[in-house]
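Chemist: Now for the letters of each chain:
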Amino acid sequence: MNDTKTANSKDKIIRVDYLARVEGEGSLYVKVKGGKVKDVEFKIFEPPRFFEAFLRGRLYKEAPDITARICGICPIAYQMSSSQAMENALGVKVSPGIRNLRRLIYCGEWIESHVLHVYMLHAPDFLGYESAIHMAKDHGELVQKALRMKKLGNEIMEVVGGRAVHPINVGVGGFYRAPSKKELQALVDELKWCREAAMDTVRLVAGFNFPEFDMDYEYVALSHPSEYAITEGRLISNRGLNIDVSEYEQCFEESHEIHSHALHSAIKGRGAYFVGPLARFNLNFDQLHDEEKKLAEEVTCTPPVNNPFKGIIIRSLETLYAVNESLRLIESYEPPEPSMMAITPKASRGCGCTEAPRGICWHRYTLDDKGIIQDAKIVPPTSQNQKQIEKDLYAYVSQYMHLPKDQLTWQCEQAVRNYDPCISCATHFLKLEIDRED
Amino acid sequence: MKTDDKIPILLIGIGNEFRKDDGVGLVVARKIAAKNIRKVAVMEYSGEGTSLMEAWRHAQTVILVDAIASGGQAGTIHHFEAHRENIPANFFNYSTHAFSVAEAVELSRALGKLPEIVHVYGIEGEDFAAGAGLSVSVENKIEKLTEQIMQEITILLIRNHLIKLSPV
Numbered sequence: 036m037n038d039t040k041t042a043n044s045k046d047k048i049i050r051v052d053y054l055a056r057v058e059g060e061g062s063l064y065v066k067v068k069g070g071k072v073k074d075v076e077f078k079i080f081e082p083p084r085f086f087e088a089f090l091r092g093r094l095y096k097e098a099p100d101i102t103a104r105i106c107g108i109c110p111i112a113y114q115m116s117s118s119q120a121m122e123n124a125l126g127v128k129v130s131p132g133i134r135n136l137r138r139l140i141y142c143g144e145w146i147e148s149h150v151l152h153v154y155m156l157h158a159p160d161f162l163g164y165e166s167a168i169h170m171a172k173d174h175g176e177l178v179q180k181a182l183r184m185k186k187l188g189n190e191i192m193e194v195v196g197g198r199a200v201h202p203i204n205v206g207v208g209g210f211y212r213a214p215s216k217k218e219l220q221a222l223v224d225e226l227k228w229c230r231e232a233a234m235d236t237v238r239l240v241a242g243f244n245f246p247e248f249d250m251d252y253e254y255v256a257l258s259h260p261s262e263y264a265i266t267e268g269r270l271i272s273n274r275g276l277n278i279d280v281s282e283y284e285q286c287f288e289e290s291h292e293i294h295s296h297a298l299h300s301a302i303k304g305r306g307a308y309f310v311g312p313l314a315r316f317n318l319n320f321d322q323l324h325d326e327e328k329k330l331a332e333e334v335t336c337t338p339p340v341n342n343p344f345k346g347i348i349i350r351s352l353e354t355l356y357a358v359n360e361s362l363r364l365i366e367s368y369e370p371p372e373p374s375m376m377a378i379t380p381k382a383s384r385g386c387g388c389t390e391a392p393r394g395i396c397w398h399r400y401t402l403d404d405k406g407i408i409q410d411a412k413i414v415p416p417t418s419q420n421q422k423q424i425e426k427d428l429y430a431y432v433s434q435y436m437h438l439p440k441d442q443l444t445w446q447c448e449q450a451v452r453n454y455d456p457c458i459s460c461a462t463h464f465l466k467l468e469i470d471r472e473d
Numbered sequence: 038m039k040t041d042d043k044i045p046i047l048l049i050g051i052g053n054e055f056r057k058d059d060g061v062g063l064v065v066a067r068k069i070a071a072k073n074i075r076k077v078a079v080m081e082y083s084g085e086g087t088s089l090m091e092a093w094r095h096a097q098t099v100i101l102v103d104a105i106a107s108g109g110q111a112g113t114i115h116h117f118e119a120h121r122e123n124i125p126a127n128f129f130n131y132s133t134h135a136f137s138v139a140e141a142v143e144l145s146r147a148l149g150k151l152p153e154i155v156h157v158y159g160i161e162g163e164d165f166a167a168g169a170g171l172s173v174s175v176e177n178k179i180e181k182l183t184e185q186i187m188q189e190i191t192i193l194l195i196r197n198h199l200i201k202l203s204p205v
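Heads up: the sequence lines are chains P and X, in that order.
In case it helps, the working numbering puts the first sequence at residues 36 to 473.
In case it helps, the working numbering puts the second sequence at residues 38 to 205.
Each statement offered as a hint is correct.
Mimicking SDA-like on lysine to any residue, the simulated pairs with C-alpha atoms at most 25 Å apart in a straight line are:
(1) 172/P / 118/X
(2) 180/P / 120/X
(3) 180/P / 88/X
By construction, these hints were calculated from the structure, which means they are not laboratory data.
Next up, chain P with everything else stripped away, as it sits in the complex (with noise of 0.2 Å):
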């Protein structure tokens, strides 16, 4: 149920009970009294799942597959981030055909995701649909292009990982099975259209109406020497932070507010900030292929972007990198041998982070000397995005409470979506305190 009510035209309250098009259960709450916005809160109500509590006493080499179940949308980044957490654990490097591999089932994974959030989710409340059912009557070709599109993120997802959801041929150290060169060429023809199309995208979204809104935000993403970052990187912002993945507890903390089931990140001693695409693009903007960057000109946003409802332009460009990258990495394509390096486990404890879709995903875990989890730690993007998104909806309502109510109320709704919030991924974990009286 939607509602926003107006006392007078100083007082408001629009909520939003179930947030549509987001994957997961959460709602959306903002008070406004005397034409000042009192209170905001984006709740997560999925129920919370435990994931850190079921890794412990199980085998380093099972996170990958089980943490890979915490979403259907990006298994990959689940099962990237505790790889490579295991491996720093571990003392194991991955050679680099292993590296490439990773890439390109990553960049499959960014395909179908951001194509599934820019079209189906989020292009309908630019187009003024109510879903991508009512866009698809007037808009069927669009939508057929979007399923394409996406089915090839899936195929790549399927080739190198064995199947597109919950892939099962990803491990510690690397893959079970080596695609041969030629199931990889077999995606080329495919890509190639796809190239084509993600370029048409970029300046179809390019071409919507946006709202102006820029904020202030402290960007936070990997870094890589020599590549726009998915895989591995240092954590950068553009406020000066530059840290190895294994001092992000030292620079960032979680905390449980009472209104959601999901944790809120913050940067110790500042507060809110920003990762996804948005913070990928204005911090790594130059390692973008000259294509996309070319593409960024001609549709003239280029950084610093700090309008959120832009994402779906960037999403759309990283979509474009994604398959450039995927062509790429096949055409210099060769099985590496062997597919999976040898691990001997230790008492160890390490860090892992990659690039989800949505943003960073940050594991660390703890082995004993048999290499069983003593402890783990996962922090989604959408935890970490959620203190924004509810300073973006202050900000937002503060800005325009001219609209009319129903116009409002679907632009905040926007304004979350601008995120792609995954609220399955952020619930993992709760926090509970118990209250006693003896």
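Position chain X against the provided structure of chain P, taking the given hints into account.
Modeler: Relative to chain P, chain X alone:
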């Protein structure tokens, strides 16, 4: 693809076996797969809508089996002929996917891509918490639902001349 090349009957069990009653569609699909019925292909899916649409693109007839969370009594069996009627909005939306089973059916319909015949079977669940295993109310109805779907499959096979009846 020509009609002759299409999968005659595709049964898709939908769900997540690590979310208790949400796994019922997979349990039923496995029971039917174990019967090895000619002309009937069986698949399992998590319920992500666009992947479902891709799966049934090459099928003439589709049977979907999924858990329902509409607030009804646990174990209640529902049946929709989705090729004739819209799926009620409050059904099959338990999935946390932004684009799930009901959306996939309705989007396929909007695009003119819905298979000729689509049967949707749902069973009302009561416990969707993390973990394996079904609740007793759901478990007790598995045989009945499987039997009901088997009857539908038999009718479809006979109607489409995919099996011949022996003279009595």
